[in-house]
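With chain A fixed as given, assemble chain B onto it according to the hints.
Going down the list, the sequences are from chains A and B. Just remember that this note's numbering sits 29 ahead of the position in the first sequence, which is counted from 1. Just remember that this note's numbering sits 11 ahead of the position in the second sequence, which is counted from 1.
You may find that some hints are simply not true.
Computed cross-link-like contacts, SDA-like style, restricted to lysine to any residue with a CA-CA straight-line distance of at most 25 Å [unchecked claim]:
| id | chain 1 | residue 1 | chain 2 | residue 2 |
| --- | --- | --- | --- | --- |
| 1 | A | K109 | A | L127 |
| 2 | A | K38 | B | E126 |
| 3 | A | K530 | B | T156 |
| 4 | A | K530 | B | R99 |
Quick caveat, the hints were computed from the structure, so don't treat them as lab data. All of these numbers come straight from a predicted model, not from anything done at the bench.
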Amino acid sequence: MNALRLAWKSLVRSPQRTLLTSLGLANAVIGGLTFYGFTHDTYWGLSEAFARAGNGHVQIADAAWFDAPAPEQHRTERTKLEAARTALAADPAIHDRLLASAVRRNVVGMLVVEGRSGIFLGEGTEPTAEPKLAPLAHSVAGTLLDAANPIGILLGAPLAARLGVQPGGTVTAMVTTDQGLTNAMDLTVLGTTMTGAQELDRAYAALPLDTALSLVDGTTADLLVLALVDTADTDSVLAATRRVLADPAFAGLDARPWYRRADYYIAVKALYDRIFGVFQGLMVLVTVLSLSHALAAVVAERRAEIAMLRVVGLRRRDVAAIFLAEGALLGVLGCAAGAVGAIGLSQLVTSLGGIPMPPPPGFSAGYPAHIRLDAVGFVVVLSATFAAAVIASALPAWRATRGELSRGLMGLAVLLALAPALISPAHAADALENALGPLPPADRRCEVDVSVQDGTATMGWRVATQGTDTLAISTTLAVGHRQAVLASAGATWFQTETMAKAMRVGLAQRMMGQLSAADVIDPRLVAGWVVTAAPDRGAAGVIAATARPGAGLAFARAEFDVAATGLLTASRFYAPSGSLLRSATYSFSEGRLVAVSVRDTGHANAVTLSLGPPTCTSSPLNLAPETLMITALTLLGRTP
Amino acid sequence: MGPSGSGKSTLLHVAALLDPPSSGSVWLDGTCLSAADGTGLDDDARSLFRLRRLGFVHQTYPMVVALTPLENVMLPAEYAGMDRAAARTRAVDLLARVGLASHANRDVRTLSGGERQRVAIARALVNRPVAVFADEPTAALDTTTGAQVLDLLFAESRASGAALVLATHDPTVAARADHLLRLSGGRLG
Chain A
30 MNALRLAWKS
40 LVRSPQRTLL
50 TSLGLANAVI
60 GGLTFYGFTH
70 DTYWGLSEAF
80 ARAGNGHVQI
90 ADAAWFDAPA
100 PEQHRTERTK
110 LEAARTALAA
120 DPAIHDRLLA
130 SAVRRNVVGM
140 LVVEGRSGIF
150 LGEGTEPTAE
160 PKLAPLAHSV
170 AGTLLDAANP
180 IGILLGAPLA
190 ARLGVQPGGT
200 VTAMVTTDQG
210 LTNAMDLTVL
220 GTTMTGAQEL
230 DRAYAALPLD
240 TALSLVDGTT
250 ADLLVLALVD
260 TADTDSVLAA
270 TRRVLADPAF
280 AGLDARPWYR
290 RADYYIAVKA
300 LYDRIFGVFQ
310 GLMVLVTVLS
320 LSHALAAVVA
330 ERRAEIAMLR
340 VVGLRRRDVA
350 AIFLAEGALL
360 GVLGCAAGAV
370 GAIGLSQLVT
380 SLGGIPMPPP
390 PGFSAGYPAH
400 IRLDAVGFVV
410 VLSATFAAAV
420 IASALPAWRA
430 TRGELSRGLM
440 GLAVLLALAP
450 ALISPAHAAD
460 ALENALGPLP
470 PADRRCEVDV
480 SVQDGTATMG
490 WRVATQGTDT
500 LAISTTLAVG
510 HRQAVLASAG
520 ATWFQTETMA
530 KAMRVGLAQR
540 MMGQLSAADV
550 IDPRLVAGWV
560 VTAAPDRGAA
570 GVIAATARPG
580 AGLAFARAEF
590 DVAATGLLTA
600 SRFYAPSGSL
610 LRSATYSFSE
620 GRLVAVSVRD
630 TGHANAVTLS
640 LGPPTCTSSP
650 LNLAPETLMI
660 TALTLLGRTP
Chain B
12 MGPSGSGKST
22 LLHVAALLDP
32 PSSGSVWLDG
42 TCLSAADGTG
52 LDDDARSLFR
62 LRRLGFVHQT
72 YPMVVALTPL
82 ENVMLPAEYA
92 GMDRAAARTR
102 AVDLLARVGL
112 ASHANRDVRT
122 LSGGERQRVA
132 IARALVNRPV
142 AVFADEPTAA
152 LDTTTGAQVL
162 DLLFAESRAS
172 GAALVLATHD
182 PTVAARADHL
192 LRLSGGRLG
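Only chain A is shown next, with the shape it has when bound in the complex (with noise of 0.2 Å):
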């Protein structure tokens, strides 16, 4: 039987707590997907809307343009840019490709209209290939920029404002030439448009290439742009076109991807970026935290029977890699839940039409956000939260293999009793003294609630007394896992919730574990103890006890320090041998146990028991042992 079909079991047997720890992996994997999604659809909207507002999604240049801090001293003759557009259509890796080009030239200078003025920005392109080279260019008034009216200009909206015009309107454009000289010429006015880039558009103008060389008298351009079918071709493109750009007749020519231009795009990916990475991180932290803190709890429910697997011959990383077996399984069910709901979840946006969201910084319109999946994002996503499944599962599976095999066999984790002592302390003396004091009546229950921590696992119970009985529950394991306690009539009886009915433990038994704290915090079991030796009453001092024959007692003599007060302060247990077992500390707050400390000889760890404040009422249960569950789980005030 392999460690994989054994979690399966495991999984299968608990079908409510595997479906609550997958659907948390899974919701982890859908805020990772979806955010993904997210960050990657505005990528995709900022390469787009660089790429096809007419920069193309290669660019070519000389090289020294690109960088350069005055690019106009590094133009290139158009002839040479339009030679290597001729080789660069009729290359076969291009040609497909290929949507568009155009050589771009661009022109910086005043317009003038009848008294007013403003700086502009020109952009010198060739009209023909406009249309798809910037499809979502679009006019506000007017047309766009016409082959048929070379002498045209497109402005930005708020300059032909600033200017005063309309299309149809004359404006004249001066301009330093490329000799250095000032020229001047009249254009009209063809249309307004928005780029979307508020403070671009106050200074934007567009004209023909054509147009644009008189105006500067110039044979020179910037660059040349290629457009693309589809974005995802940019790389390949990219390498064929330094390909072709190694002919010498294009000497001084590179070509760089739009994803190198596009400064916006550039600091946003790399905002993202860091973002998606923190989230991501913290995703795979709060999974690790709360996966991890689930299976501790399953392997503190289960440590009887990973005893049981060690007892029987398992090696320490065959039961590890049980639990690392649980938690990949748990990864793989949250992962293929989780990767599920996130494409449900994108469809359904996509349905919608998109999250509709507000114009990014300096930009003048919103756009309707969409989760955009593809197989990096599942990739990163599902293998981040499968690794953090598996990483959650380490440290229990690591820690239901260090327990003491017997002790973990023996140790039902189970804390009888806080007797009446706890409710009455001063009593505890008395009760020594007397061998066996009085006892709440049998007609009235007290309750208190109970920390017990034990290194690093805490179990917390509900523990009730009533007369000479005490019933105890777990309060702090799973529903359908739980262990109640019984100390009735002399005998101990125990059931978990998964047990048909009570089992009983009897106290001649050597109970290893938490069992024993019920001898050193249950006075009640002095009755089984003879007071050998005892100070006076109302001085401090020691209670020297033996263990009465018969008596069942794990202990074969026993010291209790009680203070002036009647406080039991500290406690020791020894063997018929005369060996110190077992000591413990008591604390009490106002005269209210509020903390025992427990340490057997040969643990490093000692056993540290936190009580609340008891409650009593007059209200009996029926402390029966056919009867031990259902009793039980009236205390956490709930029906079976």
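For chain B alone, kept in the frame of chain A given last:
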């Protein structure tokens, strides 16, 4: 046998390689298995030794509740390297011998204490151990069921050729042993 606190369980656990001795050592067939000075087998080797050559029956008869009684008995056999079919055959045979053939595929949570203890006996014998250690195996059972379980434990251990090392404080149980060792104050009397 011995009174409570005399060290029966401790001795049994040390002999069954569950706990290391605080002094002395554990030997079998001339091999030192475990010793206070750290010699003997390492933890993995002790685990494999328990798996292949020892059986253990405990008073609380824990089970893997995700598995059926049949799978609980098969588990040590499969981990010991027995193929699945052979392990199933062996487990079915053992469950039949302990009277639980009809319970082989039930939910272990529905078994009574006596039935679970019988499954534990079958599990302890599945790898044909040289010794079976039983720590108060009837402590959690009523008198009638306890007697039946003891009959079974003695009979099956004998049939399997395994030595049965049993710890008890009950003289009537001790009386059934071929050899009786008394523990008192942590010392064999």
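Hints and how they fare:
1. A:K109 with A:L127: holds (19 Å)
2. A:K38 with B:E126: Holds: K38 (chain A) and E126 (chain B) sit about 22 Å apart, inside 25 Å.
3. A:K530 with B:T156: At roughly 15 Å apart (the allowed maximum being 25 Å), T156 (chain B) and K530 (chain A) satisfy the hint.
4. A:K530 with B:R99: violated (29 Å)
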